[in-house]
Structures are given as C-alpha cells and as structure tokens.
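S.K.: Each chain, written out:
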Amino acid sequence: MLRIDALRAIYPSLARCIVVTIMGAVSAELQSLGHRPGFFYLLHSMGLASSVGLGIALLRPELHVVVLDGDGSILMNLGGLTTMARYRPRNLTHIVFDNESLLSVGGFPTATATGSDIAGMAAAAGVPRTTTVHTLAEFTAAFEESLGGNELTTLVAKVEATGPPVYLTDLPMLENRFQFQRHLRNLRTGQG
Amino acid sequence: MPVSVANSQVIYDALKASGISLLSALPETWLVHLIRMAEDDPEMILVRLAKEEEGIGISAGAHLAGAKSAMLMQNHGFLQSVNGIVSLARLYRIPLLMLISYRGEMGERDPWQTEGGSVTEPVLRALDIPYERLEEPGHVRLRIRKAQALAESSLKPVALLLCRDLMWEE
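These protein sequence lines map, in sequence, to chains A and B.
Position in the first sequence (from 1) plus 168 gives the number in our numbering.
Position in the second sequence (from 1) plus 139 gives the number in our numbering.
Treat each hint with caution, since some may be false.
Quick list of the computed label-pair ranges, beta carbon to beta carbon [to be verified]:
(1) Arg264(B) / Ser284(A): 37 to 43 Å
(2) Arg264(B) / Phe346(A): 25 to 31 Å
(3) Glu275(B) / Arg356(A): 45 to 51 Å
(4) Leu246(A) / Arg248(B): 32 to 38 Å
(5) Glu308(B) / Glu312(A): 55 to 61 Å
(6) Asp338(A) / Thr253(B): 32 to 38 Å
Derived coverage of chain A by chain B (criterion: at least 3 residues anywhere in the stretch with Cβ under 8 Å from a Cβ of chain B; other residues may be distant) [to be verified]:
(7) 243-251
(8) 258-270
The hints are simulated quantities; they were obtained by calculation from the structure and are not laboratory data.
Cβ atoms here follow ideal geometry from the backbone N, Cα and C, with glycine treated the same way.
If we strip away everything but chain A, and leave its shape as in the complex, we get (with noise of 0.2 Å):
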C-alpha cells in the first residue's frame, strides 16, 4: 500500500475531522491532496504529534481528532501511548503508517523493520482499539469503523517506503498554526 493512496482514500473523511500530523513525507502528501484549515502539520519536534492530538481532544470533545503519526516517529514517544490509553479520548483515531523505516533522512531502517510491533505495543499500553492492516480496503475499512466506533483507536497501516519528491510546501509553519487555531475557535463558536 503506497501512503499517498492511502490518505486520498480517507481524504473525503477527513473533512469531518481535526487533523495533526508528523513532519515529512506524510505532511507534504497530505498538503498535496489540498490543505484544509483543520489540517496542523507538526514539521518538527518528532514524537509529540500524538500528545498534541491528546491534547486537543481531551479538550474538545466534541471534534474528532486524527492523528497521522510514523512509525519512527512514535517509537520515539512510546510513553506517549501510555498517557494516551490512560485517558483514552473517545474522539481520537491514531493513524501510524508504518513504512519500517526513516524515510526523510535516508532510509534507514526503524525497530519495527526487525519486528517491533506499534499495535501489539499499543494495545499493551491500554489502548483499547489497536489493528495491523496491509491493503488499502483493510485501510480504510478499519479507518471508517474508528470514526463511528467511539473509542480510542490505534490503526497501524503498513506502507511502502516511498515518498514524494520534495517535502518543502509553500504553506509556512505559523500561518497554519493561527489558521488551524482560528479554525478551532471558529468551530466552538459556531461560525466554523
């Protein structure tokens, strides 16, 4: 399954959604299918991608939060998904696309390349929803089920090591950070 297929498949859904992702490859392929201003695009500090989705949702109950996490970038915040099962917001989908390795600076292989499992490692955490998938149907299945399922999900999708060509776009970080906020406040406001 190529990540790109995979996010313009949900892409529709995500329009419903509050949505924070990682830096790199998954961020410039998001913003290449058309940003949207509930779309936040954490392009560095690697690993607090879910805890500022945790964040938000333990705040906003009434939004559902996407989180678009890696695998690299989670196994540096394994913590993260014990504070995450702890509280276990309802309106949180964890979204970890799995590519086995660190794309944007070279390609070297991540933990879970020799085994290291983020679902099994989620679900043993606390997390209450967790499951592994390989093709895009399974994908976006599994991503459907977590939007109407009402609990806490960790769905790790299994991705080719490729990306796109560049991962610089032309959207600068603090613009998107007072959009995306302006936008949450608009949505609690009732003019969003």
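Please build the complex by placing chain B on the supplied structure of chain A, with the hints as guidance.
M.R.: Just chain B now, kept in the frame of chain A:
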C-alpha cells in the same frame, strides 16, 4: 514528608485564578500536594505523563484548542523536555507556563539531584526563557499571574522555579 501543604495550596489557587484548566505533571516529591489538589479538583484536567516532553505537546494541543494550561515538573524533567521546548513551543509560538521544582540548590541532601541544580538556570538562559523564582507565599499569586500573562502575550515559554524555601518545611 515535610512538603508544604499550605504553600502548595497558595500555588494551586494562583494557577486556578490565572485560568489554568489543564495541568500536565510527572510526580516528584515537592509536587505531591499540587498533584493531589489537581486530582481532587473536578474543574481541572490532570494529565499524568510518562515523560515530561509529552507535556509540551499536550500544552500545545490545549493552547490550539483554546485552553490555558501549565506543566508541573522537576528541573530534570525540564532538562528532558528541551527539544520539545525548542522545536515545538518556540518554533510554533506556543505559550507554555512551566512550574519547575528546583532541586539541587543550597540545602539539597540528595546527591543525585545536585548536577541538575547547577545547570537549570544556565539552560533557561540559553533557551532565552524568562523565569522567576517562587520563594515565599507572599509573592506567589502575583508572579504566577504575571508569568501567565507574559506567556500568553509573547506566545513563548515562561518558567517559574519552585524553590526549597517555598516547597520544603524543615
């Protein structure tokens, strides 16, 4: 355990008065009463962390979601969080109120706390983080309010050092 309940209450009340609705925390001896106060307060969202850097992400999420938050951590937890402070809070202009228990200063008896004591303020200065010491209950409320105001107006991290004379009774 001679951690001051009364002064912990002064700090907690000041945080509430500053509009803080989410506290992330990792336990350490001087913070026990503050964490229990947050736990017992139905108006406060307490997020118990596995490691302090997570709290930077959670506070960023809270800010973007429209809430005021603060972090409770030991100075060693602050040292652990440096990348999150630089490449999330500073990079993305996130107001971050950090209450840091300042272990390893004069009077410290635990040998393992001493190295952190000597590098905390140099690291705060290197990161260009404005900070003040909380040393006596009389100035706690005002200093917390002012720190919170600066964090919100500058959209940057601000630190308050919880010092031995405030936190520890002996």
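S.K.: If a hint holds in the structure, say so; if it doesn't, say that too.
M.R.: Structure-based check of each hint:
1. Separated by about 39 Å at the C-beta atoms, Arg264(B) and Ser284(A) satisfy the suggested range of 37 to 43 Å.
2. For the pair Arg264(B) and Phe346(A), the beta carbons lie near 28 Å from each other, so the given range of 25 to 31 Å is met.
3. Roughly 39 Å separates the CB atoms of Glu275(B) and Arg356(A), a value that falls outside the hinted 45 to 51 Å.
4. About 34 Å separates the C-beta atoms of Leu246(A) and Arg248(B), a value consistent with the hinted range of 32 to 38 Å.
5. As the Cβ distance of Glu308(B) to Glu312(A) is approximately 57 Å, the hint placing it in 55 to 61 Å holds.
6. About 50 Å separates the C-beta atoms of Asp338(A) and Thr253(B), a value inconsistent with the hinted range of 32 to 38 Å.
7. For the region 243-251 of chain A, the assignment as covered by chain B holds, since 5 residues bring a beta-carbon within under 8 Å of that chain's beta-carbons and 3 suffice.
8. Check on the region 258-270 of chain A: 0 of its residues sit with their Cβ under 8 Å from a Cβ of chain B, so the three-residue criterion for coverage is violated.
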